[in-house]
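Novice: Now for the letters of each chain:
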Amino acid sequence: GAGVSQSPRYKVAKRGQDVALRCDPISGHVSLFWYQQALGQGPEFLTYFQNEAQLDKSGLPSDRFFAERPEGSVSTLKIQRTQQEDSAVYLCASSLGLNQPQHFGDGTRLSIL
Amino acid sequence: AQSVTQLGSHVSVSEGALVLLRCNYSSSVPPYLFWYVQYPNQGLQLLLKYTSAATLVKGINGFEAEFKKSETSFHLTKPSAHMSDAAEYFCAVSDEKLTFGTGTRLTIIP
Chain Y
1 GAGVSQSPRY KVAKRGQDVA LRCDPISGHV SLFWYQQALG QGPEFLTYFQ NEAQLDKSGL
61 PSDRFFAERP EGSVSTLKIQ RTQQEDSAVY LCASSLGLNQ PQHFGDGTRL SIL
Chain H
1 AQSVTQLGSH VSVSEGALVL LRCNYSSSVP PYLFWYVQYP NQGLQLLLKY TSAATLVKGI
61 NGFEAEFKKS ETSFHLTKPS AHMSDAAEYF CAVSDEKLTF GTGTRLTIIP
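Order-wise, the sequence lines are chains Y and H. Note that the working numbering numbers the first sequence so that position 103 is 103, with each residue one more than the last. Note that the working numbering numbers the second sequence so that position 84 is 84, with each residue one more than the last.
Hint data in this document are derived by calculation from the structure and do not stem from the laboratory. Some clues are possibly wrong.
Label pairs and their in silico Cβ distance ranges [said to hold, decoys possible]:
1. H/S80 with Y/E71: 43 to 53 Å
2. H/S80 with Y/G3: 22 to 32 Å
3. H/S3 with Y/P61: 32 to 42 Å
Simulated pairs of lysine to aspartate or glutamate, EDC-like, Cα-Cα distance not exceeding 20 Å [to be verified]:
4. H/K69 with H/D85
5. Y/K57 with Y/D86
6. Y/K11 with Y/D106
7. Y/K57 with H/D95
8. Y/K57 with H/E96
9. Y/K78 with Y/D63
Heads up, incomplete: computed chain H residues facing chain Y, CB under 10 Å, no partners named [said to hold, decoys possible]:
10. N41
11. Q42
12. F67
13. S80
14. F90
15. A92
16. D95
The beta-carbon is built from N, C-alpha and C at its ideal position, and this holds for glycine as well.
With the hints as constraints, model all of the structure from the sequences given.
Specialist: Take a look at the structure:
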C-alpha cells in the first residue's frame with residue numbers, strides 16, 4: 001500500500017552542479033506529474049507523463065530541466081547547471097488517469113548554494 | 001485557461017469554531033475542482049474533489065465543500081475546528097494538470 005515515493009528528501013548542491021530527483025509512483029498509476037513549489041507559494045506545474053510518453057512539458061522553466069519516464073513507472077527530473085533560483089521543493093504526483101485525483105509524494109527540497 | 005483564486009492568505013479561527021476557506025474558479029467548461037491540505041515538510045493530501053456528481057462534496061477529516069456555479073465558488077468548510085486542522089490549504093482546478101491557488105494558512109487558536 002505504498003504511496004508516491006520521492007528521493008532524496010533533501011538535496012544540497014553547489015551552483016553549476018547537475019542534480020537528479022527520483023519519483024516512484026503508485027503502482028498502476030499511468031499519469032505522473034512534476035510540480036515546483038517555491039517557499040510560501042502553491043505548486044506550479046512542470047511536466048506530465050502518460051505512461052512513458054511526455055505529453056506536456058510546457059511548465060519546464062528552461063532547457064536545463066529535463067524529465068524522463070522510460071518504462072512508464074519511475075520518473076527522474078534532472079536539472080543541469082543548477083542556479084540559485086532552482087531552489088524549491090519539487091513534488092511528484094501520480095494518478096489513475098486524466099482529471100483523476102493526484103496523489104503526492106513528500107517532495108524533494110532542493111537548495112542551491 | 002482555468003484558474004482558481006483563494007481569498008485570504010491567512011485565516012485564524014478558535015478551536016471549535018466554524019472554518020471557512022474561500023475559493024473561486026474561472027473555467028469555460030465544467031471544472032474538476034479539488035481541495036488539498038499540506039502539513040509542514042510534507043506533500044499534499046487530497047481532502048475532497050468535485051466532479052459534477054453532486055454539488056455538496058464531503059471529504060476527509062470532517063471537511064466539505066459546496067460547488068456553486070452561479071457564484072463560481074467552491075468554498076471549504078468544517079463545522080468545528082480542531083487543533084490538528086492547522087495547515088496550508090490549496091484549492092486547485094484540473095485540466096489534465098492541476099492549477100493551484102496561492103494557498104490559505106489556517107491557524108487554530110486554543
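Novice: Regarding the hint that H/D95 lies at the interface with chain Y, is the smallest CB-CB distance below 10 Å?
Specialist: With a minimum Cβ separation of about 8 Å from chain Y (threshold 10 Å), the hint on H/D95 holds.
Novice: Mind checking the alpha carbons of Y/K11 and Y/D106 for me, to see if they're no more than 20 Å apart?
Specialist: Given pair Y/K11, Y/D106 holds - Cα atoms ~13 Å apart, limit 20 Å.
Novice: Could you say whether the range 43 to 53 Å given as a hint is met by the Cβ separation of H/S80 and Y/E71?
Specialist: Holds, at about 47 Å.
Novice: Does the structure keep Y/K57 and Y/D86 at a Cα separation of 20 Å or less?
Specialist: 17 Å, holds
Novice: With a cut-off of 10 Å, does the beta carbon of H/F90 approach a beta carbon of chain Y closely enough for the hint to hold?
Specialist: 5 Å, holds
Novice: A closest beta-carbon separation below 10 Å is what the hint needs, so does H/Q42 meet it against chain Y?
Specialist: Given a least distance of 5 Å, the restraint on H/Q42 holds.
Novice: Given the hinted pair Y/K78 and Y/D63, is their alpha-carbon gap at most 20 Å?
Specialist: 11 Å, holds
Novice: Can the restraint linking H/K69 and H/D85 be considered satisfied, given a maximum Cα separation of 20 Å?
Specialist: Not OK: H/K69 and H/D85 at ~27 Å, beyond 20 Å, violated.
Novice: Would you settle whether the hint for H/F67 is holds or violated, based on the nearest Cβ-Cβ distance to chain Y being less than 10 Å?
Specialist: 15 Å, violated
Novice: Using the C-beta atoms of H/S3 and Y/P61, is the stated range 32 to 42 Å upheld?
Specialist: 19 Å, violated
Novice: For the pair H/S80 and Y/G3, does the Cβ-Cβ distance stay inside 22 to 32 Å?
Specialist: 29 Å, holds
Novice: Taking the least C-beta to C-beta distance, is H/S80 closer than 10 Å to chain Y?
Specialist: Nearest chain Y Cβ about 26 Å off; hint violated.
The structure shown violates the earlier hints numbered 3, 4, 12 and 13.
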